[in-house]
Structure formats: structure tokens, C-alpha cells
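> Line by line, the protein sequences are chains Y and P. Under the working numbering, think of the first position of the first sequence as 1, with each following residue one higher. Under the working numbering, think of the first position of the second sequence as 1, with each following residue one higher.
Just so you know, these hints were derived from the structure itself, not from any lab. Computed from a predicted model, the values in this text were never measured in an experiment. Be a bit skeptical, because a hint or two may be false.
What the hints assert, rightly or not - Here are the in silico distance ranges between beta carbons for each label pair:
1) Y/Glu237 <-> P/Ser205: 34 to 42 Å
2) P/Asp217 <-> Y/Ala245: 17 to 25 Å
3) Y/Glu106 <-> P/Ala168: 50 to 58 Å
4) P/Ala176 <-> Y/Glu70: 34 to 42 Å
C-beta atoms are modelled at their ideal positions from N, C-alpha and C, and glycine is treated no differently.
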Amino acid sequence: MKVLVPVKRVVDYNVKVRVKSDGTGVDIANVKMSMNPFDEIAVEEAVRLREKGVVTEVIAVSCGVTQCTETLRTAMAIGADRAILVETNAELQPLAVAKLLKALAEKEGPHLFIMGKQAIDDDSNQTGQMLAALLDWPQATFASKVEMTGDTVNVTREVDGGLETLALQLPAVVTTDLRLNEPRYVTLPNIMKAKKKPLDEKTPADYGVDVTPRLSVAKTTEPEARKAGVIVKTVDELVAKLKEAGAI
Amino acid sequence: MAVLLLAEVTDGALSMDATAKAVSAAAKLGDVTVLCAGAKAADAAKEAATIAGVSKVLCAEDALYGHRLAEPTAALIVSLAGSYSHIVAPATTDAKNILPRVAALLDVMVLSDVTAVVDADTFERPIYAGNAIQTVKSSDAKKVITFRTSTFDAAATGGSASVENIGAADNPGLSAWVEDKTATSDRPELTSAGIVVSGGRGVGSKDDFAIIEALADKLGAAVGASRAAVDSGYAPNDWQVGQTGKVVAPNLYVAVGISGAIQHLAGMKDSKVIVAINKDEEAPIFQVADFGLVADLFSAVPELTGKL
Ligand SMILES: Cc1cc2nc3c(=O)[nH]c(=O)nc-3n(C[C@H](O)[C@H](O)[C@H](O)COP(=O)(O)OP(=O)(O)OC[C@H]3O[C@@H](n4cnc5c(N)ncnc54)[C@H](O)[C@@H]3O)c2cc1C
Ligand SMILES: Nc1ncnc2c1ncn2[C@@H]1O[C@H](COP(=O)(O)O)[C@@H](O)[C@H]1O
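Isolated chain P (complex conformation) (with noise of 0.2 Å):
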């Protein structure tokens, strides 16, 4: 069986964490080709070779997957899908674009957020914000699979795949890039750190969100937000833990006036160790904390940075 890796590329560097998780899930599969596309992929395609357990890194470098749109990056995946069983990638925001597009034209489902390989034909995936394990069987010719990186370890690097570069496929011209926002921090990136320090709706405010990333930059963590405290302004979107947000599964979690909501729980009740402080004893987010800490934040966290 042969399976096709579409790697997590961002303006021309690899995501090295996120696709080689995505290789040890696909590793199980059979013979893993990663794709590597972007405006600018060589280096990424340089990069994706050393992970062990990939045979075959194709490079499709082309001004058309500069910004990775889903109607070419999807075109130019189908354009390679005959050879391939599976077709997958780490469930990134980026591949949860692209990868039910690339299905749907190939007339099959999408297994999201795929948890563990059972068989070829069978995965486990979370249900209602992981309440729930469902193992399920795919019928479809193919299958098109992402994978939450959370549960799978990195693959290592050593290897010294072969990289072929490839030509762009059509171009549907349908969308065009605009802009991005994107705040560059020197913390570690969220999914893959191992420690994490979220605030939720008790920091009160933007401003005193500065509590909560002074405890992450005294532990060397990323920082995390519910959705509460993003809808508020406190933190950009792009830390938003949960359900909807991103999946983490540090060694480490702090919680901070996090009320410990179903859906914030589900995109973090796996990582190793969770403390969790709340003025509130009664916070549901103290029955998965290994230890809770009752207590005002405005005076805990600081505290608690001053005596690292």
C-alpha cells in the first residue's frame, strides 16, 4: 500500500513537528511519499527527506501554492492520487481545508481527526468534542485521512529519502490570496510544546493577559486562551484551545480562570499533567486537574511566576 503525506508548509519551511507525526501514523499504512508544496518547497521538500520512514519526497514548487488555496493545492493532489491508497495529512487548518476538497473530487469521505490506525480500512476518531471513540470502517476506494498529531509521537529524522520535483497542476483560478495577519512570537508553537499556560474569561481583560504570558515565559511555554477569552479580545485566535480550536497534549497544561467547559476539555484533557487555577472550587475544570489550586489568579500566577 502506498500513501501519499501532503506536509504542512508555511511560506516555504516545514512544520517538521506536525508532518512527522503525521509520518508515524501514516508509517503504519504502508510506503509514505510526502508532498511538499509551496511558492517556495525545496528547502521543506531538503527537510521532509531526513524523516525516517519516508521513502519519497515530491517538491511541487510553483507560485500557484504560495499561499496554499485549496482550489490548486486540491487540483494538484488529485492530479497525483492514482497511485495512492491513502491519501493524509496532519490535522492542520490547512489540510482541514484542503483534504475533504481533494475527497469529495475523488467521490470519497474524509476521515477527520484520526486518533489511532486500527487497519487499513479502520480508524479511531473522537466524536461530540471526544465524549465519545468511534471506530470506524471506510468502504471508499481511497481514503483520505487527517491526523490529530496530539496522539501520535514524531517520527525520527535520519532518514535520506529521495526528493523529485514535480510540475503545477491546473489552476483553477477561482480564489486569490489577500493578506495574512500573523503574529511571529519566540515562544514555542502551541501543538507541539510541552508546556502550556492558558488563560480563559477570569484574566478579566487584554492587559492582564500579560500575567498568564509571564508564567509561559517563565516555563518556556506556549500560551493557550479559550474561546471565551478570545471572543473577548484577551488573545488572537490562534490560541484558542478546544473542540473547535487547537488540540494540545503537553507534558504540562496550566489552566488559568478556565472554567473547564466540554469543549474546551476536549482539546486538552490528554495532556500529562493539568493544573488548574480557579477561585471557583466548584470549576468542573478541577475533575481533570492532577492538581487544582483554589485561589484568586491576580495573586496565584504572579506568585507562582516569582517562585519559579
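Next comes chain Y alone, as it looks inside the complex (with noise of 0.2 Å):
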């Protein structure tokens, strides 16, 4: 049983962006990049999954410029078998991600894609989703345990009133929510590994996928800031504010 897992390539989750003062969009010249915090997991889950011995191959994927490598190297630093980038400097959208990965699952046959719920840099939530409709397959997002048996997938999901258990035929998608695991620290003999194993690369051309944007950015603005307040010095002066304030 193969495994897909869609990585990508984010301004790491500490750094603060800062508006560019044109309003073009955020100055990311010079600032970390990391693997997106809910891609690690979803790495992790299908390690974990490939130990467990369900799963016999794990295949990264990630999508955008050259230097997404070093992400998928991360991924196979954690445990991916190998990866592919498909390469492009172009803008690439959810509805252009899910297109190219439906390619590849065309390609490469996987019983499961198992992804993140949201890239924390346009925070868009719908890759996943989009990709399951594309490939007419079972869908559960937010997971926050997956248990695999036999043709099926049961999924606890996190949604606003709790938890929701759902059972999915497989091949299915699969997206991660922050309780699923811990990922592992990569340690320094697999980071090495990670160097010798295969990564294929190739272009959105290869797969015939037409990746033009649907929407433009008109412009990119601050949010209103905050002004910062007052310390108070006790509980008591505390609730006089607040009744001065209207707020209780």
C-alpha cells in the first residue's frame, strides 16, 4: 500500500511577516523557510503507518520552486521513501496543487493521500478537500487519529462541536489536524540517509496541468494594529477597569 504525502514549502511558523510598505505582498526575502507544521505531521503519520507495517511505501510530494528539495529532504529525513518536486516558479493555487496531485495519483497508483489542513501561509484550507473531489474519492479532514483496516480508513476528525468518527473506502484523502501525533526530530544519520534516497523532478507541463492563477492579489495590507493598554496592579483595580470600560 502506497501513501502520498503533499509537502509544502512556508515561512516557518516563528517568523512575523511584515507587509511590504508598497502593497504588493509580504517581504519574504532572507526569512526561514520550514516544511508547513501540518505537512511534518502528516509525514510522521505515514512513517508511523509504514512501521506499523500497513503501508509499504511513503512518496513525498511537494510542488513550487527548486527549493522545495530541501523540504522534501526533510520529509525523507523523517522517513519518506523518496519524492518528487514538481518544479515550477509560477504562483500555484489550491485548485493548481490538487490538479497536479490528481496527476500524480494517476501516475503513481497510492491507496491513501495523507496531507495537511492548511498551509499557514494563505491559511486556505482546501487543498485537500479539492484534491478528493477531483479524484471522486472519500475525504476526511481535520483528522486527529486515523486507524487503517483492511480496504477502509476510520478517521477521528475535529470539528467545532467535538470529535466525528467517519469510515472511508479506501483510496481516500486524509487531512491532519494539530493532535494527530508528534512528529519525531530528525536526527543527523537520517538527515544523511535522506541525501542518498530518489527524488524525481518534474514540471507541471510534464502532467499537462494548466496552473494559472484564479485569483489576484490587488493589493496586501497591514491589519489594524492594536494600541497597547494599561497594567493594572490589582485584582480590584482590575474590575473597577472593566466596569469603567462597559465591559462588565
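Relying on the hints, combine the two individually framed chains into one complex.
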């Protein structure tokens, strides 16, 4: 059983991005880049399934600039067996990524996609659902537990009201939430090993996919800033201030 | 222009707050038709018909929609999509699950978590945990949108739209519901509460979260939590406030033992009044707090509860 894990290269979650003064976007020059945290959780889950013997091969996929190879090497250091880079300098939006992943699925024949619920740069939360739709596969988003049993996968999902468990027929798409697992630290020997694992390079044209963006950005602005308030010394003072402000 | 709005219906009950907020956002785009889908949906449809600005309600009552599985619900929406220029919903986990599936079937993008409508093609939405706001213009034939409810006021009631019953669409039969684990509570719902009291890692244990809950109950507030508190098992997942949890904007938000990471701020920084209680005066939460109290939460919070 094969699992494909799409991983996105994004600005590291510790970086507070700045909006460019001319409003054309955010400044990501010389900013630390990392694997999208939800995708790290996805790689970890796929690797655990392989370690349990449920899955035979874990393939990491990234679509984007040539530096995405670093992200793919990280995925292989966590334990992915091989990787595919779909290289392009074009801006990729979720629908285009979903189409590329669909084309890849048709080539590779995976039984399962495990991917992030949300990329922390565009905060779109769409690619997995779109991929499932394009493939006509079932989907389970926001997973906090994944159990494979024969040709079905049971997934517990984090939803607004609590938790929901679904049973999906394979092949299927699962997107990860924060509680699914805690990704392992990558060790130096595994980083060295990852350098020798196979990494295929493709382009969107190889899959005949049109990646033209559907959304154009008119401008990017800073959110309204909050002004710093006051520090109160005692609980009594806090209560008085809250009453004064009409907050209680 | 005509808008199809997927109402938030859970176990037959309409979430009035989320739905009415989405209606007020959608009304800027054209005539709003609300779709209520569920195993039971008639009561929800009747209630949705009272939201001002709704011109029609479609009621799809069928066992197929009982748990609002993404595959059949998306198929239903796609079967109706022909007549509408915009397909929208409040940005709940339910809609975030379903609408991208609809969009891909229609070969269009989703505009997620929209915070402002500029015109029929142009919308504002936050990116990078709300550290930047993008104005995006869609070139797609149909627009699929989820609205961030915390930034829109709920439409009033008093309307009397007609309700039309519609049949079920195809059953793709790809997935099945197994079980729900939901806790019922007498507290207000987190995303619509006027006051929210949230606890973080500083609370230290599940048992001690009772301190947070006692303050919340004294204030008639909903209870929230940071990711760290949820990860540590102090609070359930549906209490998480933040970039990847719930987004709230109550009149009063009280953050207790929460450091104020950007991912947490993303979910609460539009609150009207923010109070922070933290023993570390350097904690970033104080940079967004209107009133900060540098204190040990184990003494300050019970004292506050007692004095209210
Ligand atoms: C992909 C991703 C998504 C994320 N999404 C979210 C999200 O949606 N929501 C979210 O909240 N976080 C999210 N996070 C996590 C976020 O980065 C922080 O790790 C988290 O918010 C920290 O939670 P905390 O403030 O409770 O814990 P900490 O940062 O550990 O802070 C605890 C605070 O408690 C204070 N404290 C300790 N003891 C006491 C005491 N006795 N009295 C008073 N104060 C005390 C400390 O001074 C400290 O400031 C996300 C992270 C990632 C990578
Ligand atoms: N360019 C990309 N390359 C590989 N995977 C991606 C890419 N963009 C999105 N994804 C996957 O889709 C998930 C959701 O992204 P999004 O829909 O953009 O929030 C991510 O967590 C990744 O798993």
C-alpha cells in the first residue's frame, strides 16, 4: 500500500511576516522557510503506518520552486522513502496544486493521501478537499486519529462541536489536525540517509496541468494594530477598569 | 446576482448566529437563497426563513445528509449550483470541509475566511495568521466563499421567506459516519459568546482548568483554550482559539496563562476588550491587552471570580 504525502514549503511558523510598504505582498526575502507544520504531522503519520507494516511506501511530493527539494529532504529524513518535486516558479493556488496531485495519483496509484489541513501562509484549507473531489475519492479532514483496517480507514476528525469519526473506503484523502501525532526530531544520521534517497524532478507541463492562478491579489495591507493598554496592579483595579469600560 | 448560502445545521438545529452572520455578508452580493440540509431540516428551514434578507429557503431533508458528509452534501450543492453566481457559507469546520469539494467540482477556487466584501468579484481575507490582509479578485465564473463570522454582524430576524422542499441528489456512497463525541454544555457557544475566558498552558492541569471555568460561569462566558492547553489535555479540541482553531471577537476576552503566540492572537485579537493575566510581564499577550495583570493565576483568578 502506497501513501502520497504533499508537503509545502512555507515561511517558518515562528516568523512574523511583514507587509511590504508598497502593498504588493509580504516580504519573505531572507526569511526562514520550513515545511508546513501540518505536513510534518502528515509525513510522521505516513511513516508510522509504514513502521506498523500497514503501508509499504511513503512518497513525499512538493510543488513549487527548486528550494522545495530541501522540504522534500526533510520529509525523507523523517522517513519518507522517496520524493517528487513538481518544479515551477509560477504562483500555485490550491486548485492548481490539487490538479497536479491528481495527475500524480494517476501515475503512482496511491491508496491514500495524507496531507496538511491548512498551509500556514495562505491559510486556505482547501487543497485536500479539492483533490478528493477531483479524484472522486472520499475525504476526512482535520484528522486527530487514523486507523487502517483492510480496505477502509477510520478517521476521527476535530470539528466545531467536538469529535466525529468516519469510515472511508480506500483510496481516500485525509488531512491532518494538530493532535494527530507529535512529529519526531530528525536526527543527523537520518538527514545523511535522506540525501541518498531518490528525488524525481518534474514540471507541471509533464502532467499537462494548467496552473494559471484564478485569484489575483489587488493589494496586501497590514491589519489594524491594537494599541497597548494599561497594566493594572490589583484585581480590584482590574474590576474597576472593566466596569468603567462597560465590559462587565 | 444570486447567492446560494449553505446554512449551518447540526442534528436538525439551525445555528442561527453563524447563518445570520453569513447572510449579512452575502446580502451584499445579491438575492440570498439559503439551503438547509439534514436528516431533519424542516425546523431549521422554517427558522432560516425568518432571517431578514433571505429571499428563499431550500429544505433538503434526507437521511443522506444526517451527518453532512462532504461527498453527498457537495453533490447536492453542485446539483443546485447552475442558478447561482456565488456559493457561500459561514466558515465553520462543516463548511470548510464541504465547500472546497464543491469548488473543485465546479473548477473554481474557494475564497476562504473572507472578512470583507469589496464587490461581487473582490474580497478581503487574512493570510499568515492575520498578519496581513489580502484584497483578492477572482476571475472564476462562480465564486465559492466562506465568511469569517466574527467580522460580520448577524442579520436581523423578522423576514418571512418561502420554504421549498427539494429532493436528495446522488449518493456517492464513499464514506460513512461512525460516531460523534460531543459534549453538551449550558455555557454560551464559543464563537457567538459576548464574553470568552480562555486558559493556556499556565493553568497546568485539567483539574485546575476548573479555575477558568468558574470565572467563565461567573461572567456567563464561554470557555476557550490555547493550543498548548488542548495538546496537554487540559481542554477539549473544540475550545481551541487561534489561527487553526476558532476565531472569536467577543466584547470581552480574558486570556489566562496564555503567552500570546501569533497563532493564538490570530483567533482573538479583534475582541473589543482584552484582559491578560500572566505572571510573566514580558509575555507578548500584554502587547494586545487593554488591561494586563501581572500575577499568579492561581491567586488572581479565584480572587477575580470572588469579586465579580
Ligand atoms: C501550525 C500551528 C498552528 C497553531 N495553531 C494555534 C491555534 O490555533 N491556537 C493557539 O493558541 N496556538 C496555536 N499554535 C501554538 C502557538 O504557537 C503556541 O505554542 C501556543 O499558543 C502557546 O500556548 P500557551 O500560550 O498556552 O503556552 P505557553 O506559550 O507555554 O505560555 C504559557 C504562559 O503561561 C504563563 N504562566 C505560567 N504559569 C502561570 C501562572 N501560575 N500564573 C500566570 N501565568 C502563568 C507563562 O508566563 C506563559 O506566558 C499553533 C502552532 C502551530 C505550529
Ligand atoms: N505547493 C504545494 N506542494 C505540496 N503540497 C501542497 C502545496 N500547497 C498545498 N499543499 C498541501 O495542501 C495542504 C493544504 O494547503 P492549503 O489548501 O493551501 O491550505 C498543505 O498542508 C499541503 O499538504
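> Against each hint, give a clear statement of whether it holds in the structure.
Results of checking the hints against the structure:
1. At roughly 29 Å, the beta carbons of Y/Glu237 and P/Ser205 sit outside the given window of 34 to 42 Å.
2. Taken as a hint, the range 17 to 25 Å holds for the pair P/Asp217 and Y/Ala245, whose Cβ atoms sit roughly 21 Å apart.
3. Judged by the Cβ atoms, the range 50 to 58 Å given for Y/Glu106 and P/Ala168 is violated: they are separated by roughly 31 Å.
4. Distance hint check for P/Ala176 and Y/Glu70: the Cβ-Cβ separation is about 40 Å, which falls inside the suggested range of 34 to 42 Å.
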